[in-house]
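Here's the letter readout for the chains.
Protein chains: 2
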Amino acid sequence: MAVYTEVSDDDLACFIARYDLGTLLSFKGIAEGVENTNYLLHTTGGTFILTIYEKRVDVADLPFFLGLMEHLAARGVNCPLPVRDTKGNVLNELAGRHAALITFLKGVWPRRPKVEHCLELGKALARMHLAGEDFPLQRPNALGLSGWRPLFEKFAARTDEISAGLHELISSELRYLEQSWPNDLPQGVIHADLFPDNVFFIDDKLSGIIDFYFACNDALAYDIAVCLNAWCFDASSMFVPAKGSALLRGYESVRPLSARERGAMPTLARGAAMRFLLTRSFDWLNTPKDALVARKDPDDYIRRLAFHQSVGSIADYAPQLIS
Amino acid sequence: MAVYTEVSDDDLACFIARYDLGTLLSFKGIAEGVENTNYLLHTTGGTFILTIYEKRVDVADLPFFLGLMEHLAARGVNCPLPVRDTKGNVLNELAGRHAALITFLKGVWPRRPKVEHCLELGKALARMHLAGEDFPLQRPNALGLSGWRPLFEKFAARTDEISAGLHELISSELRYLEQSWPNDLPQGVIHADLFPDNVFFIDDKLSGIIDFYFACNDALAYDIAVCLNAWCFDASSMFVPAKGSALLRGYESVRPLSARERGAMPTLARGAAMRFLLTRSFDWLNTPKDALVARKDPDDYIRRLAFHQSVGSIADYAPQLIS
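One line per chain: the protein sequences are A and B, in this order.
To get the numbering used here, take the position in the first sequence, counting from 1, and add 2.
To get the numbering used here, take the position in the second sequence, counting from 1, and add 2.
Mixed in with the good hints there might be a few duds.
Identical chains share a label here; the pair holds if one copy fits it or two copies do between them.
To be verified - Cross-link-like lysine to any residue pairs, in silico, SDA-like; alpha carbons within 25 angstroms at most:
no.	residue 1	residue 2
1	K298	F29
2	K30	Y215
3	K30	P138
4	K108	V85
5	K108	T49
6	K156	Q181
7	K298	A261
8	K116	P184
9	K30	N91
10	K30	D199
11	K57	T105
Worth flagging that the hints you see were computed from the coordinates, not collected in a lab.
Kindly generate the complete structure, drawing on both the sequences and the hints.
Next comes the structure, spelled out in structure tokens:
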């Protein structure tokens, strides 16, 4: 974990006293997550996640994230629900930072997703998109098309330290994406970071979705493109057609894609690969080599991008999909 | 956390199948602890801690540690109990390492211990010493008197990088300890690392003791000396007499000290300060400055040592103790 806020006894007691939770029984820091500090908190009233928002999160965005969770949960999506204190607030202060208490969601994230997980994921993603339709708040995608070039420029001069030729690869791909990006696709609230560690399963049944701290308004189909990258490649970055087929079949069983969305999928997938290639490259160059936090290798996304560049149509992602 | 072992779905499923635990409901890495990897594991059968033993732990010591927890728990000490698998084993393999499942203990460790915590701690420590009397296994204290000089020699040449004069301070103190160490005190099983993060409380009542991975055979009173260092100084390393009094009063209410133990307390406290000064100094010099793991400042123990050197008798630790 990159940042970790410690909490004193008095601060914790003050914070908990704002809520109607009973006696504190356990309070343990969780090793997962890199953007915020998370504690698992047991009281006689239940089990909760206490999230302390670190500096990388813009406080102005918190009402969007927390409001979205409430909105989705009210519409039957299994996601954490922010707990209101006795005054009705979902945001409070703890250890000099903003903090929220959210309900604990049972389940285990799949370390090695299987085809059945991808099918369940597709259905849940489509249901989330439908449930988000009438969410009133707006948040632009800071890591969408318009954010990629400024991010690249922050490390462009050092790009080839990661691998030879990467500067030219990103430059030409950015030009392609800026010229080809489809701006006329159905928009809505997307999760934008739906990696396996944000999706819980119990006995291979999807039990919930967590971590809405990249959620924003963008093309719904772009969320599928993120999942194609995050779920449908194997450990050596080879695309697994059975997983792509399951993801798209699951999604379309709930929300069928339009012809424009289908036609745009290869470009969206290239964009999603670019988004993670850029953030991983930036982090790679800005994390000390001997730091004890795992650096995620940008190379995984160079290989994903090469695959997407070779794709002719959505049929290449879902060869087992009858359409 | 210095080391962190990831666990695959298949490995975890295999491991859990050895036990009679029901369905897996949650599996989260815990940010606490630096020696081993710990996961909090919920199943329909209960809540457990899964510990994966990293390379710093000698596998040959595990039967001592796990056997001690079973021994103490059977005698009414609130400590984690190793869970036996269906074949009766407490040790299994997971992700290429040794691993054990232990029961989850409710409670929260005090970030800022109060006088009442020290009183409870003293009682619990004495009860643990009595409960350990008939534990049959033996483990010498690798970080006891005979281990200090070899540890010092590993970093002696670089000592003054930490603070000017530290080499001479440690050298002369080691000579004093080697000449003055009391070898005739009552021996037994000691915890040897009973810092606040290893003692849980619910509503200011002590609910349990954890982390027996430094436990060993040594002078019982040395365990009190460790606690004097770990619990009875404030954030600026000033001794708090009310806490020392409470610790000793609590301890003696269960197991009164002999005259020899009382007489030896200042020397034992100097030894305990030396033990943590040495390990912190070693870690300080061997942890990269920009690593994202907290380096504990050796300076805290230089100041504790100076206090102990100024102490005349046990009465200076417990001025409020009627004796």
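Hint check results:
no.: 1; hint: K298 / F29; verdict: between (29 angstroms within a copy, 22 angstroms between copies)
no.: 2; hint: K30 / Y215; verdict: both (22 angstroms within a copy, 19 angstroms between copies)
no.: 3; hint: K30 / P138; verdict: neither (35 angstroms within a copy, 33 angstroms between copies)
no.: 4; hint: K108 / V85; verdict: both (16 angstroms within a copy, 22 angstroms between copies)
no.: 5; hint: K108 / T49; verdict: both (10 angstroms within a copy, 13 angstroms between copies)
no.: 6; hint: K156 / Q181; verdict: within (22 angstroms within a copy, 61 angstroms between copies)
no.: 7; hint: K298 / A261; verdict: neither (35 angstroms within a copy, 59 angstroms between copies)
no.: 8; hint: K116 / P184; verdict: neither (31 angstroms within a copy, 62 angstroms between copies)
no.: 9; hint: K30 / N91; verdict: within (24 angstroms within a copy, 28 angstroms between copies)
no.: 10; hint: K30 / D199; verdict: both (19 angstroms within a copy, 11 angstroms between copies)
no.: 11; hint: K57 / T105; verdict: within (23 angstroms within a copy, 36 angstroms between copies)
Checked against the numbered hints given earlier, this structure breaks hints 3, 7 and 8; the rest are met.
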